[in-house]
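Chains as they are written, first to last, in full-length UniProt numbering: chain A, 1 to 341; chain B, 1 to 359; chain C, 1 to 374.
Bear in mind the hints are in silico, worked out from the structure with no lab data behind them. All figures in this text were calculated on a predicted structure; none of them were measured in a lab. Check the hints yourself; a few may be wrong.
To be verified - With a straight-line Cα cutoff of 30 Å, these simulated BS3-like cross-link-like pairs (lysine-lysine) come out:
#1 C/227 x B/132
#2 C/243 x A/92
#3 C/151 x C/267
#4 B/115 x A/220
#5 A/92 x C/54
#6 A/92 x C/49
#7 C/206 x A/92
#8 C/351 x B/132
#9 C/123 x A/92
#10 B/132 x C/243
#11 C/120 x B/132
#12 A/92 x C/151
#13 C/49 x B/132
#14 C/227 x C/166
#15 C/267 x A/92
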Amino acid sequence: MDIPTDTTPPPPRVEDAKPTTAAQKRAARGATRPGDRIFLALSRGSGIALLLVMAAIAAFLAYRASIALADNEGSFFTTFEWDPAGITSGGKPVFGIAVLVFGTVVSSIIALVIAVPVAIGIALFISHYAPRSLAAPIAFVIDLLAAVPSIVYGLWGALVVAPNLTGLYSWLDDYFGWTGIFEYQGGAPRSLMTVGILLAIMILPIITNVSREVFLQVPKFNEEAALALGATRWEVIRMSVLPFGRSGIISASMLGLGRALGETIAVATVLSPSFVINASVLDYGGGTFAQNIASKFNEANEYGRDALIASGLVLFVITLLVNGAARLIIARRKEYSGANA
Amino acid sequence: MSISTMKPTGTPGGESGPSNLKAARLPRWSPYVIAVGSLAVGCGIGLAAGLDSRLQWGLIAAILFVAVSYILSATVEGGRQAKDRLATSMVWVMFLLAVVPLASLVYETVQRGAKVFNGYFLSHSMGVVADKETGGGIYHAIIGTLEQVGLACLIAVPIGLLTAIYLVEYGRGKLAKAVTFFVDVMTGIPSIVAGLFVLSFWILILGFDFSGWAGAMALSILMMPVVVRSTEEMLKLVPNELREASLALGVPKWRTILKVVLPTAIGGITTGVMLAIARIAGETAPVLLLVWVNPFINTNPFDGAQASLPLYIYQQYQSGNQAGYDRAWAAALALIAFIMILNLVARGVARWKAPTTGR
Amino acid sequence: MKLQRKNRRALTLGALAVSGALALTACGSDDTGDNGDGGKKSNAASDIKCDDAKGQLAASGSSAQKNAIDAWVKQYTAACKDVQVQYNPTGSGAGITAFLQGQTAFAGSDSALKPDEIEKSKKVCKSSQAIDLPMVGGPIAVGYNVPGVDKLVLDAKTLADIFNNKIKNWNDKAIEKLNPDAKLPGTKIQAFHRSDESGTTDNFTKYLKGAAPSAWPYETGKSWEPKGGQSAQGSSGVAQQVKQTTGAISYMELSYAEEGIETVDLKTGAKEPVEATVDNASKAISEAKTVGKGKDLALELNYKPTAEGAYPITLVTYEVVCEKGNKSDTLATTKSFLNYVSSEDGQALLKENGYAPIPSEIITKVRETVAALS
């Protein structure tokens, strides 16, 4: 039996096949029907429109960034400073993104490490564990939470969450401070860890939603077969649900990561930014691309804006790499799955 | 703990012998008892060690719960069952872990927002009310957000849906690869950059004024990739058999897509679109650049400055006084309510229209 | 068929929702400030000359003067009902950028235009150039949160050392020396600065540099130069951190320091330490000199005033307009609004809102310049 999975369905096969039966002949002719032609033109047209918009933006940004980079006196990738106005160096612009790369990557990793297991847990809870009467309302609530805008998370993060984290951080410092990663020196808990926690909460509903949607698509007979063989519930999940949903989970995590990488307002409200790299994630300081753009943009002159756009371009590249990696993982899995074979 | 006194009823440990069909099980009530027990011990430890954060109490209790369930099950029921218990308890813990912050978010917003949230607040604009004074409302911002988000959806949803259909149902070759690539690039655009692009293109080069429409264009740029990605994912999940069955019946491909593929995936697609709306409805930066800030009511999105809810929240928060905070929370409450109602309606429609499934 | 009928029903529902939303748009109104506890009644309306002012007046810039603009707009709109002033507190830099790109009628800026900005302004002002008009002054308070200490005296050098992380605890010798009577705890000092670029930072660091050059080795500017340290966005952000964090200290406009934040009295060249008040700031601003050329009225503030009771950390916000060649469709409105703002009534309104008026000889020049705008 053909197991339907996430692979791209290859409809052309139907058309390529030799039309031997009357139905297939009709189907083959179908490709040239006016309705089909119009629909194809429409959908291809939107694809092209999207492409054009994107290409225009990319070109625009690359142009603005090149202006900034041409005059940069510092090394763009290794300078630990952001001074496009050249205040400290007598008018020569010096700026680099080392701190931003570090902050963005670290906070996103923290967010994913916290959010992905929890999200899978909730998704499984809704799809397989919760009592049926409870599952639907919970799914519904999580759905709604996915719709909470980031400005509200920012408001909540700054006024409710951050003030409550001091205790947790001192505790982490007491027991794990020796690692160097969890050293906490006091001060307002507005560190990359706080950002990571807030981002985790923000992306949790998204990852949960998509994962759940995928888990629910697992063919029932796969699970029933495993159950019939005497598998426990966990074994059913491990053997049929998780393998089936893996690419869905990855793609869900990537959607979440996308939001985490580009999150602006929420990060800007909870982080205490400065251009330093701390080994400890609990110490204030650091910054992320989007946050840096948001906090510096308003007061920046035109050249400063170009410099910020150059940093925005790097955010693109990082996002692109992440997305590319996700696509690779999904594609490789497709080869082994034998689905649609 | 009370469990420790329980006597195992079957052969303890390991795989039970083949003669014993019914292996030893923990009683049905054991998870509840373990949960209550670990919660008590967690709080006890928290109190004794003087940990001032309730979060830590909860974490300790959660870890205890998982560990105790596993150990008990391993000694009584054997390895496989113990793993199952471990997974079950982990899933429960994960769920509770996630519920706490999300519940807190909703609670705080409702509780703090209710202070000034009333009919007057909903039906009046800020007008000339100063940041430090009480009074004023969000009517102008609601109008602005509704119109901007609506316009953005009008642009982004059709293009996004059709692009996803193209990628999944037709996409082969270089064009599809290029579109996929650029959709990936687009997901990484910081919102302020999208705003800046529209600013240079629409306002500086073409010379138009600030308007809701300019903001809507920037929002649609942010919305498109989200719609494409999620729709793509959902369309891929539609079993091929459905397509093949439809095509085999001689249904043209476009009708197959419209009548079979889309309705099957409509639930997921709606979720994706709602997520996209949630993302753009909460955007502040592009709106600030393009829509400007208008404390007065302007119902025409094509002429003159408008306001928007997220921008309103941001500015009231920035104003940094109690009257501003109150208004910010109340506006946040309105924004969440707005998005949730939209979500509810969309979901209802989607469920209504979707072919029945096992769900 | 059944599916189709359902489709139609769904469409009807959608149409209903849309028309409902449209119906909603017909039932709101602008808050005119008269109802509820919307503040004081307008009384100065009679003196405001509206002339040909009408339509939307878009402006943006400094967030420091937002509260002042709010107060002015309220009075002004009460008199000139056809005008909607939309002031967008985006920050000085963004305000100047928007103005130079011709998007706005005027910009609000906490620092005077730089030479290259004046050069660029020739494009938007056609043949003429942009000028600075000082309109609002105000004290920058140093707010702190140390339980049990409700009066604290510091001088420029100690402040510089605190923000430079050289003085780390509240019971440091240097602080004790200035406050012999206070019970200073051994708490760590948590110094916050602004994370965004800001005119407030600019003026605060200028004060540190001007009054204690040896203790403050950094350049002055809108962004905070020392590495590390804690920060928050906006004056409201740092104020909120000071409120939340024990041992915190930061700088902010006086109006943000009002709710539950104690402010530092500064020891200047005068005999007695000076409290951060509007009156004391006015005394310092009155020592300011005009340094702008021609019609430009950019000021140079004196950060080392010796006069009794002059508070040295002050901020002056300029409105930036074109000397000639302002946009024709908003010129009348801009002139009318700025005319009111610089009038005696307009300046008198500042004191009630935590700002300091501009000294009379300077504001007279401003009035003349506003009258000559074209």
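Next item on the list: Starting from residue 206 of chain C, check that the Cα of residue 92 of chain A is at most 30 Å away, please.
Entry: holds (21 Å)
Notebook entry, point to check: Is it true that the CA of residue 49 of chain C sits at most 30 Å from the CA of residue 132 of chain B?
Noted result: Cα-Cα ~26 Å, so holds.
Checklist line | residue 227 of chain C paired with residue 166 of chain C [C-alpha distance capped at 30 Å] | finding: holds (13 Å)
Note to self: So if I understand the rule, the pair passes when the alpha-carbon distance is 30 Å or less; does residue 120 of chain C with residue 132 of chain B pass?
What the structure shows: Cα-Cα ~36 Å, so violated.
Next item on the list: Given the hint that residue 227 of chain C pairs with residue 132 of chain B, test it: the Cα-Cα distance must not exceed 30 Å.
Entry: With a Cα-Cα distance of about 34 Å, the restraint between residue 227 of chain C and residue 132 of chain B is violated, given a limit of 30 Å.
Next item on the list: Quickly compare the C-alpha distance for residue 123 of chain C and residue 92 of chain A to 30 Å and report which way the hint goes.
Entry: holds (25 Å)
Note to self: Check the hint pairing residue 92 of chain A with residue 49 of chain C against an upper bound of 30 Å on the C-alpha distance.
What the structure shows: Roughly 47 Å between the alpha carbons, so the hint for residue 92 of chain A and residue 49 of chain C is violated.
Check: Does the alpha-carbon distance linking residue 351 of chain C and residue 132 of chain B stay inside the 30 Å limit?
Finding: Holds, because 15 Å separates the two Cα atoms, which is no more than 30 Å.
Notebook entry, point to check: Within a Cα-Cα threshold of 30 Å, do residue 92 of chain A and residue 151 of chain C meet the stated pairing?
Noted result: Violated. Residue 92 of chain A to residue 151 of chain C sits at ~43 Å, over the 30 Å cutoff.
Next item on the list: For the pair supplied as a hint, residue 267 of chain C and residue 92 of chain A, confirm whether the alpha-carbon distance does not exceed 30 Å.
Entry: violated (37 Å)
Notebook entry, point to check: Keeping to a limit of 30 Å between CA atoms, is the pair of residue 243 of chain C and residue 92 of chain A held or broken?
Noted result: Not OK: residue 243 of chain C and residue 92 of chain A at ~38 Å, beyond 30 Å, violated.
Note to self: For residue 151 of chain C and residue 267 of chain C, compute the direct alpha-carbon distance and say whether it is at most 30 Å.
What the structure shows: Satisfied, since the Cα-Cα distance of roughly 13 Å is no more than 30 Å.
In summary, the numbered hints that this structure violates are 1, 2, 4, 5, 6, 11, 12 and 15.
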